[in-house]
Amino acid sequence: MKVEILFPEICNMYGDGFHKNFLKSYADTVYETHLEDAPHFVKEDVDFIYLGSCSDYYLPLILEKLKAYKENIIDYISKDKIFLVTGNTLEIFGEYVIEEDKKIAGLGIFSFYTKKTKEERYNYLFLGKFKNIEIVGYKSQFSLLYKTDKYPFIKKVKGLANNFEDNNEGILEHNFYGTYLIGPLLLLNPLFAKYLFALCKKNKKIPYEEEAMQAYLARLQEFKDSKTKMKSNH
Amino acid sequence: MRFYIALWVSKLYLFYLKCRHLEKDDRPGSLALKICPSFLAKVNRPKLLIGITGTNGKTTTTNLLADLLKKLNKKIIYNDWGANTKRGMARCLLEGVNIFNNSKNVIAILEMDEVTCDETLPVLKPNYLLVTNLFRDSMFRNPNPHYVFDKIYQGLVKETTLILNADDAFSSELSEKGNPCIYYGISFNEKKMVKNIVNDFQICPKCQHLLHFKTIIYHHIGEVFCPYCGFASKKRDYLATIDFTKKEINVSYNNQQNTFPMIHDSIFNCYNELLVITMLLVLDYSFLDIFKAISSQTLTKRRYQKEKIENVEIITMACKGFNPIALASVFAYLKEEKEPIALILLLDDRSDRINSCEAVNYLYDADFEFLNQEKIQKIIIGGKRCYDYQYRCLLAGIAKEKIIPCINEDDVINYVDLKTIKKVYILHDVLFYSGANDIKNALMKRGVKNESRNIVS
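Line by line, the protein sequences give chains A and B.
At position 30 of the first sequence (counting the first as 1) the number is 30 in my numbering, and the numbers step up by one without a gap.
To get my numbering, take the position in the second sequence, counting from 1, and add 1000.
Chain B on its own, in the form it takes in the complex:
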C-alpha cells in the first residue's frame, strides 16, 4: 500500500509540474522514495531498460540515444537533464507505469551515477549497460577510478549485457564479472600516440608490469598489451574508422560496413556517437533508419552552442567541473584549431563560490600544455580562481602576455578583440550555462564594428 501511495502522490506532483512546464525536476522521485524507500525495486520497469554509466559522456550519450530513438518513433522515458541519482531514476520510472503500476510500452534510458551503481544496478537490472569509459574524476565526488570500478562491478547482475569500450582497457575489465559483453572501438589510420599528463591505466591488472600502448587516442584510451603476460585490449565487435574531412564514421560489424554522418568532430563525441550506433544496431534497427535519424542530429544546446557575428564564431562549451579529463579533452580539441582564437574560461565551481574554496588539484591533471599554440591568442580567465589558472598556464609554457586573469567574470568581454580573431570559445562550468550565455550575448550585441572603444589591451 505504501508503494501505491508513493506512486499516486508522486504522479500527481509530476502532473502539477508538467502543467507548469517544470517536469525536468527530480522532486517527484524524491517524494516517491521518501514515502516508499524501496520504490525503485517495486515500480514495474519497461520491457527494455538501458543504463548508461561511466566517467565522461554519460549525459551526452543518454540524450543522443533518446533523441535518436524518438526519431525512430519509439516512446522514451529518460533522465536527460543529468538526474542520474536514485531520485532522478525514480522520477523517470514513474512515467513508465500507469496508476496500477502496469508497464507502458516505452523504452527507459537511464543515465546512472557510477558511484551508486552498486545500489541501483541490482534493483533496476537493466537489459543493457553502456559504459562510456572510466577515468579519474572530481576527487571529492569519486575518490579514485578503482573505487568507481568496484562500485559498478559489485552492482552488475547476470541479466545485463554490457556494451564496453574496447579502447578503454580499464572499464573493459568489467567483463571479468562474466556478463555477456559487446565491444566497440575506433581504429585510426595513422599511429596516434597522444601523451596526456594523466594515464589512469599504466600497469597490467594481471601481472603489474608497465603496459605497452600500440596507440593512445587520449589518456589511456587506445590499444594496449602486456608483453609479460599477454593481457591485451578486447577485440572490437563494432569497429569504427573516422574520416574527419568528410565528417563520417565508418562502422564494421557482423561482416557489414556502413558509413554514418559525424555529429561532432571531437574524438570524445565520436566515441559517444559510436556507442549509440552500436546500441541501435544491437537493437536491430536498420542502417538506413539509423542513418536518417543521425543526419538531422546535433548536440544538446546546454553543452555546445555556436553563433556567428559578422565573420567571427562565438562558441560556448560546457565542461564538467573538477574533471581533468573533460578539461583536457576540450583543450586537445582546441589544439587542432586552424584559425586565430580567443579563449574565455569560466570554470569556477558554483557551489564553492558561496562559502568554500575550490580544490584546484584537477588543474594539474589537465593538459594546459595543449593551449600553448600560436593560434590561441588570448586566454581570458574569469572568476575567483583566476590566479590559479594563470599560474597553471605559465607552467604550461604559455606566454604571460596572452593570459588575462579577471576576478570579476563580467569583465572578461572587455578583453576580447573580435577584429583579430575568427573564433571565441567560452568554456564554462556545466552549471554556469546561463552566465556563459549572457557573456556570449553581450559579445554578440557589441559586435565587431563597435568594439574598439571597449577593448582593454
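Next comes chain A alone, as it looks inside the complex:
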C-alpha cells in the first residue's frame, strides 16, 4: 500500500497531522509531498492520497498548486483509487467559494459550492452512518457546503452536516471521500479506517485496535446520549 500525503507542512491542523503517523504505521510506503514538490501520484501508482485541514490563509496556495494537476486528479479518482480529504481543504475541490462579496473559483472537480463567513464559526459534534459504520467526529469551520446531493457520503444522525438543511455530511464520488469531520477522522473511527484500508487490499488489524475500539465505543455512547449537546460549549 502506497500512500501520498499532500502538503503535510501546512495541512496538519486539528490533529490531522497525526494521520501521517497513523498511515506510516500501516502502509508500506508513505510519501510526504510539500508545496514545493511535484506530487507522486502524477508520475507513479499511488493507492491512497490524503489531504488534511489547514489555516484558511493557506487555501489559495493549495488551490493554485493543485490547479496544475486537475486532470491528473480527475484521472486518479476515475480509477477508483482512494483520495481522503478532511477539513477545510475539501472546499477547493468544488465549483466555487462565496466569501462575503467575493466568488472564488475552485478546482471544479465536483459541482458543489461553499459559502464562507469571516466571523461565524460552526463548532459542532457529528454522529452519522456510512454503510453499516457509525461515524463520529467534530466540526469547527467557517464554511457550509451546498449542492452536494449528487455525492452522498455520511448520513447524518445528529449534529451539523454539509449545511443546516442537509442530511448528508461530506462528498463521496468513486473512492474520493471528502468530509469536514476532524478529530482526526481515522483515529476516532477505527471501523471506517479499516474499511478504507480493506479497499487497498489491506486487511490486517490497525495499531492497538482493541483500545481504539474502546475509545470509539465510549464516544459513540456519549454522542448517542440524548443529553449530549451537539453544538459545542466553546
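Source of the hints: derived by calculation from the structure; they are not laboratory data.
Treat the numbers as computed from the prediction; the structure is a model and nothing was measured.
There's no promise every hint is true.
Computed cross-link-like contacts, DSSO-like style, restricted to lysine-lysine with a CA-CA straight-line distance of at most 27 Å [to be verified]:
{"#": "1", "chain 1": "B", "residue 1": "Lys1034", "chain 2": "A", "residue 2": "Lys118"}
{"#": "2", "chain 1": "B", "residue 1": "Lys1445", "chain 2": "B", "residue 2": "Lys1308"}
{"#": "3", "chain 1": "A", "residue 1": "Lys227", "chain 2": "B", "residue 2": "Lys1384"}
{"#": "4", "chain 1": "A", "residue 1": "Lys81", "chain 2": "A", "residue 2": "Lys129"}
{"#": "5", "chain 1": "A", "residue 1": "Lys204", "chain 2": "B", "residue 2": "Lys1400"}
Using the hints provided, position chain B relative to the given structure of chain A.
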C-alpha cells in the same frame, strides 16, 4: 452622563465585592459595559498601560510583571486571574480612575485575549504590547494561528511599541505593521533541534518555500531562515543564555551583560521571565533592583505547587485545556526528569463534562511520545476521556502496563505507589485546581508508610 453612571455604579459594586474579599471578579466590568458599551473608550487610562497577549504564557507573564513591579514599589492595576476579555479589562481600569474619571498614579498591566485584540487594542492604545508567542490553540476558541495573527495585526495602533519574541518568527511578523519593535530571545550553547509533532511555521511567509531551522527550541520556536529569499528570524535586542545548572539567566543588551536568577527551569517559563526582564529594562529599572525583585519570586500557586511527603515530592501543574502546545511543553519538561515518577493526568474539560463531549483532536497534536521514558513508571489517567488518552499513549509507544485509565477521577490515588517513586506530577485542567489539590492532599494524608494496603497494582 451614561458613562459616569456606569463608572459610579460599577465602582460601588466593586467596593461591595472588596468588602467581601471577592474582588477578583469581572462582574463590575460587565456591569460597566452593560450600562455604557463604550466604557473602555471613555475611561481614562493610566499614563503607562502595558498589554500582554499571545497564545501561551499570558497569565504567567502578567502575574510575574505585576508582582515584580509591586516589589519595585509601583502601584499596579491588573487582571491577574486570567480575566482577559473586555469585561475583565473594564473591571481592571475601573480601579485606575477616581469617581471623576481622573487617572490615578498607577501602572495598568492587562492580559489581553488575543482573539479580541482587533477590538481592544484600538480602544486601549497600550504603550507597550508584549507578545509571548503564537501557536495553534483550542480549535473551537481560536480557529487557527493565522486567524489570531490577523486579529492582533488589525488591532495594532501606531502609539504601541511591540516587544516581540525573535525566536518566534511567526509572531515577529507583527512588525510588518510598522510599529516600533524590541526583540528578545534565547541563545543555546548546544545546537538544539527538538522535533515536536506540531510546527506552525514551516513555510516562508514571503516565498512559501520550506523554512530551514538553525535551532528548534520547541515547536517553531528557534532560529529560522529561508535559503531562497533571505527571510530570517529577527536580531534579538535582549539576548539571553541560560545556565540550567546554576539556575541563571544571563541577558545581554545595550553593550551590557547581567545575570538574573531563574524562577523556574522550564524553557517556556524562561521565555516568560526573559520577556518580563526585557520590559523592566526597557522601563529603565536598574539591574540591581530587578535582580532583588526576582530573587524572591515564585510562580503563582494556582499554576504550580510543590510539596514533600517524606522523600517524595508531589507537584501539581496547571495545563491549559485543548491546548496541545501547553501539554507538549509540560511533557517535554517531564522528559528531562532524572528520578522515577508517576504522572496523574486530570485534564478533562470541566464544561464539556456536563452536557457535551470534548473534542480530543489536540491529543494528536501533543507529544505524548515524550512520556515514553523509563523514569515515568506510571501514567494514571482520570476522567471520562481516559480511553482516548490510553489509546494516544499506546500510539506514542508507551507500554500498556504503565497506563491506567480511571473513569472516576477520585480513584487515581489508588494506583500511586509512593514507595517506588520520587515524584508525583498531577497535571490538571486550569479550572480543576481545587480537585487536583484535593487529590494532592489525599496523597499527602495517606503518606508513604500507610499506603501498602491501599495500592491497586
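(message) Tell me if the straight-line CA distance from Lys1445 of chain B to Lys1308 of chain B falls inside 27 Å.
(response) holds, 11 Å
(message) Check the hint pairing Lys204 of chain A with Lys1400 of chain B against an upper bound of 27 Å on the C-alpha distance.
(response) holds, 21 Å
(message) Would the hint linking Lys81 of chain A and Lys129 of chain A be met if the CA-CA limit is 27 Å?
(response) With Cα atoms ~22 Å apart, Lys81 of chain A and Lys129 of chain A stay inside 27 Å; holds.
(request) For the pair we were handed, Lys1034 of chain B and Lys118 of chain A, check the Cα-Cα distance against 27 Å. (result) The hint holds at about 26 Å.
(request) Mind checking the alpha carbons of Lys227 of chain A and Lys1384 of chain B for me, to see if they're no more than 27 Å apart? (result) At roughly 15 Å apart (the allowed maximum being 27 Å), Lys1384 of chain B and Lys227 of chain A satisfy the hint.
No hint from the list above goes unmet by this structure.
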